[in-house]
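S.K.: Taken in sequence, the protein lines are chains A and B.
Heads up, the first sequence is in this note's numbering, so the first residue is 1 and it goes up one at a time.
Heads up, the second sequence is in this note's numbering, so the first residue is 1001 and it goes up one at a time.
Hints in this document: simulated from the structure, not taken from any laboratory.
Only a predicted model underlies this, so the values are computations on that prediction, with no experimental measurement involved.
By construction, the Cβ of each residue, glycine as well, lies at the ideal position given by its N, Cα and C atoms.
Worth double-checking, as some hints may not be accurate.
Claimed, not checked - Coverage of chain B stretches by chain A, computed from C-beta distances (three or more under 8 Å per stretch; other residues unrestricted): (1) 1037 to 1045; (2) 1050 to 1058; (3) 1087 to 1101.
To be verified - In the SDA-like style, the derived pairs of lysine to any residue whose C-alpha atoms are separated by at most 20 Å in a straight line are: (4) Lys-1035(B) to Ser-559(A); (5) Lys-1035(B) to Arg-1274(B); (6) Lys-1035(B) to Asn-98(A); (7) Lys-1350(B) to Asp-1366(B); (8) Lys-1061(B) to Ser-1168(B); (9) Lys-1350(B) to Ala-1064(B); (10) Lys-1061(B) to Ala-133(A); (11) Lys-1035(B) to Ala-395(A); (12) Lys-1035(B) to Ala-133(A); (13) Lys-1035(B) to Ser-1340(B); (14) Lys-1035(B) to Glu-1349(B); (15) Lys-1061(B) to Leu-99(A); (16) Lys-1061(B) to Gln-1382(B); (17) Lys-1035(B) to Met-1024(B); (18) Lys-1061(B) to Ala-1169(B); (19) Lys-1350(B) to Leu-1053(B).
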Amino acid sequence: MTSGIFGTATSALLANQRALGTTGHNIANANTDGYSRQTVDFATREPFETGDGFIGTGVQVDAIRREYDRFIANSLTEAISAHAGQSELAGLAAEVDNLVADSGSGLNSALDGLFGAWQDLANDPTSMAARTALLSEAGTVASRFGGIDARLDELEARVQARVSTTVAEINETASSLADINREITLAQGGADGSPANDLLDERDRLVNRMGELVGITTHAGDDGMIDVFVGRGQPLVLGTDAMTLTAGDIRLDPGAPQVSVAGTDGTVDLTGLLDGGRLGALVEFGGRVLEPARNAIGRVAHGLVDAVNDQHRLGLDLDGNLGGDFFNPVADTVRVVPGSSNAGNAVIDATVTDVSALTTSDYRLTRSGGAYTVERLADGQTTDVSAAFGGGPPASVTVDGMQLSFNAGSLADGDRFEIQPTRNAAAAVAVALPDGRSIAAAGPIRSATDPANTGTAAVSQPEVASTANLPLSGSGGPIELVYDAAANQFDVNGGPGGTLAYDPATDSTGRSYTFPAYGEMSFTVSGTPADGDRLVIEDNTGGQGDNRNALAIAGIAGSGVLEGGNATLGRAYGSLVAEVATRTREARSAEAAQATRLDAARGRREEIAGVNLDEEAANLLRYQQAYQASARVVSVANELFDSLLQAVRG
Amino acid sequence: MTRVSTSELFRQATSALLRQQSTMLETQQQLASGKRILSPADDPTGSAQVLGLTSAIESTKQYARNADLATSRLNQEETVLAAVGENLQRVRELTIQAANASQTDDTRAGIAAEIEQRLDELIDFANTRDANGEYLFAGYSSTDQPFTRTTAGVRYDGDQGQRFVALSADRQVAVGDSGFEVFVDVPGGNGTFEVDGDEANGGSGVIETGNVTDPALWVPDNYSVVFTAPDTFELRDGGGSVIAANVPYASDTAIDSIPGIEFAIEGEPVTGDRFTVSATGSRDLFSTYDELITALRTPTPTTAADAAFQTDMNRALTALDQGLGHVQEIRAEAGGRMNSVDTHRSINEKVRLDLESSRSGVEDIDYAAAISRFQQQLTAFQAAQASFSRIQDLSLFDFIR
């Protein structure tokens, strides 16, 4: 009988010891991240059957298990993933945001300065000081373009490096997960299926770590192992096997997958499939913020350089020579990268021919099933260029203001070329002029009326749109219009020759003419000429005080250079700033929202799994008391036994 | 009941404190900078607006600078034109004085000497330079001296270009006139035709300036009046063909045989005397002066010479009047441009104020609201700090002895 009491008491001592030990473990891990509070499940031992009925035999520990809810754990992993992604994205986007909008490094103030300097030069075209100031403003614009581009390039390199290290971390974590899956199976198998609480916690920690790196889904198998999937269900960890992700360098091979995984049926491109986590954010940042921003800035560079150069070439410098390039041309900065797996040997070149039609997208030329297609990557719109390229080189085709030339070789089916029309333009902006004298502020030709004219005819100063046959001294000298009153026309001597109909009765308020072959010059004749009156259009020799070309260039600030004539340079840059700011704001508010969600998810997990020291203190007292009571039972049983012995000894 | 874990209690309390600190810092930065938008992401639309507004403000400042420059150049032109007007006026007075019958060859030579001075002065005016050393009246060729005196008269080396300055995105104003426009392109004669007597005339006929009666009928040509007898003349056109023969002559009576115009001859011409009536182009002011000086220096020993002198005086007076009118007209135009510049300047100024107030509305902070927000945040932060320190004091372990 006493052995029964001893047995019962001892079982209670042991059970409460376990419980005290577990409480101690809980207290010890109160601040351990990812620790799940453990509880001891007590159960009565199998009773002893007597004639009086069943006599209890004490208590036993059924299991020590952790407080855990799979659903809550999963939603915490998701929240961690989403928050890590948005916070990475917000941080990176803010860098671009501050860069493009900062008045010290941003472009707007530099563009204002440049066009202001052109106005100042127009106000005082012979001043060397104004010319020097203009060159210095132009230098500022060039260095702003270069500076912004260098910072973005550096950011791109940083993002690329971070993609690589993140992929390496993911691979490492995946193999740790596979290992721990194995350990858990072994441990739980060896312990008759008792949960390996601390290993399970460790695995959850790894899963959350993985979630921070990349968006994942998990699946718990019956064997106690979990499988981890990325993207749209591509397996990353299957039981004790871990797959390996590969990071591609999009800077060297822009068309290659940025992240891929080797699956059972070939390599799977995960780039567009990643959602959440740091890796998802890095890929999204590159594709949605950084590249569009670089392209947009490059497009502004193309617009500025082209518009200013085109107009500048139509002017005369202080020495009476036609203007050269004001900025170094950037039309040939289009980058064409053949796909790394191309089988053909085609040589493809690209150049920008019409900046107003440029977009901020990248393009891809592919040959597939014998058809040649150019895809605009931003919106997936395709252009079939088979008609031009199908016949082989040499061939060229123009897509969105960019001319693609197929110069030599051939494309094999499946070959691709990545085309970045504007990405590299900003870095190439540089002032081409050697000195202020070569700034072409004057117009190339001027008009005059003959003082001997007896009529009232006047001729406007001609505007030119090209340099064809200019200067006139190289193409037959001044053009003279002599009025023939009888025929109501001007006889054109020199230049294109022929006659210009002019009837003073209807045209005296002004009639415009154009000589397309001569600088595309256009001018307006008004008034009433007398027979034999002469109007002359001549080279603007010595016209150093002329500011027409400077005014025309200053006017570029307000003219629609980009987007089919709808966007000024400042406006295009402004919309880039707004776009980056919007993305940043989105990421920032998403980060705040995700932080709240993460807080809530963590709170819910802690509600169940967290250690509360007050609760543990109470448990400590509870188990201590039970232990003391059981010890008392032992001592009572001992006394009973003693009294029995004394009775026997008599 | 919600179970709270101890570490969660601390974590949440600290993260709440951190959050409050960061919003407080943001408000503090807004207060310190006076700007509502600290980074474009705070208000993407607003910051794009600010960029646009800033550019617009910069260009209004540029236009204001342009307007100042236009005003100063136009002022300078106006000053020179006023002096040119006075010069012409003085020469006109001298011409009237010289035409007076009481003058002798010697006194006329004296007057000629003064007009010679005036001519030098006029050439100086025409070669005026601005503050930067550019010639004001040279057209585009503003670095080369436009007017040079030669033995054949004063030569114009400039061109007919005109410099413009932008007052706004779509308004440009000329800030000067070429020397051609001011000094060379002065309408000759009465603006339509010019009269003269032949050098070899023997009679005392003096032809008057004449005027246009119907511009529509006037056919420009070089007509001549040839006296076939002291009381009859014929009219010839430029080709020499007689277009009206045997026209009776009466002194100081309008001759209207040429369609669209009329003129009169006064005095007693003799047979063979010729007068010309020619369609005229422009006539520069300098040659008017030169011709006047030559006429004044030519002695008038005979009635014929006297008649030639009177004709020259008539011609000179007409040309001077044309010159005065022409210079007045250009002054008026320059004045009009100055008005236009002033109008644009004040519009521009108003636009700039409007733009600045719009920009301020978008990007500047509302101090009253921001300060009260800051106060609120501070109170909340202090409350959080105080309650946190109270909560973390409580532990059951404190009571287990």
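S.K.: Look at each hint and say if it fits the structure.
M.R.: Structure-based check of all given hints:
1. Closer than 8 Å: that is the beta-carbon criterion, and the stretch 1037 to 1045 of chain B has 7 residues meeting it against chain A, so the requirement of 3 holds.
2. For the stretch 1050 to 1058 of chain B, the stated coverage by chain A is satisfied: 5 residues place a CB nearer than 8 Å to a CB of that chain, which reaches the threshold of 3.
3. Coverage of a stretch by a chain is defined here by at least three residues with a beta carbon nearer than 8 Å to that chain's beta carbons; for the stretch 1087 to 1101 of chain B and chain A the count is 0, and the condition is violated.
4. The straight-line distance between the Cα atoms of Lys-1035(B) and Ser-559(A) is roughly 31 Å, outside the 20 Å bound, and the hint therefore fails.
5. With a CA separation close to 87 Å, the supplied pair Lys-1035(B) and Arg-1274(B) exceeds the 20 Å bound.
6. Simply put, Lys-1035(B) and Asn-98(A) have alpha-carbon atoms about 15 Å apart, close enough for the 20 Å limit, and the pair holds.
7. Using a Cα cut-off of 20 Å, the hinted pair Lys-1350(B) and Asp-1366(B) is violated, with the two alpha carbons roughly 24 Å apart.
8. Among the hinted pairs, Lys-1061(B) with Ser-1168(B) is consistent with the structure: their alpha-carbon atoms are about 10 Å apart, no more than 20 Å.
9. Restraint check for Lys-1350(B) and Ala-1064(B): satisfied, since their Cα atoms lie roughly 11 Å apart, inside the 20 Å limit.
10. For a cut-off of 20 Å, the pair hint linking Lys-1061(B) to Ala-133(A) stands: about 17 Å separates their Cα positions.
11. Proposed proximity of Lys-1035(B) and Ala-395(A) is contradicted: the alpha carbons are some 56 Å apart, above 20 Å.
12. Taking the CA atoms of Lys-1035(B) and Ala-133(A), the gap is about 32 Å. The hint is violated against a cut of 20 Å.
13. Among the hinted pairs, Lys-1035(B) with Ser-1340(B) is inconsistent with the structure: their alpha-carbon atoms are about 37 Å apart, more than 20 Å.
14. Using a Cα cut-off of 20 Å, the hinted pair Lys-1035(B) and Glu-1349(B) is violated, with the two alpha carbons roughly 24 Å apart.
15. Restraint check for Lys-1061(B) and Leu-99(A): the C-alpha separation of about 26 Å exceeds 20 Å, so the hint is violated.
16. For the hint pairing Lys-1061(B) with Gln-1382(B), the CA-to-CA distance comes to about 48 Å; that exceeds 20 Å, so the pair is violated.
17. With a CA separation close to 15 Å, the supplied pair Lys-1035(B) and Met-1024(B) stays within the 20 Å bound.
18. At most 20 Å may separate the alpha-carbon atoms for a hinted pair to count; Lys-1061(B) and Ala-1169(B) meet this at roughly 12 Å.
19. Taken as a hint, the Lys-1350(B) and Leu-1053(B) pair is honoured in the structure, with Cα atoms around 14 Å apart against an allowance of 20 Å.
In summary, the numbered hints that this structure violates are 3, 4, 5, 7, 11, 12, 13, 14, 15 and 16.
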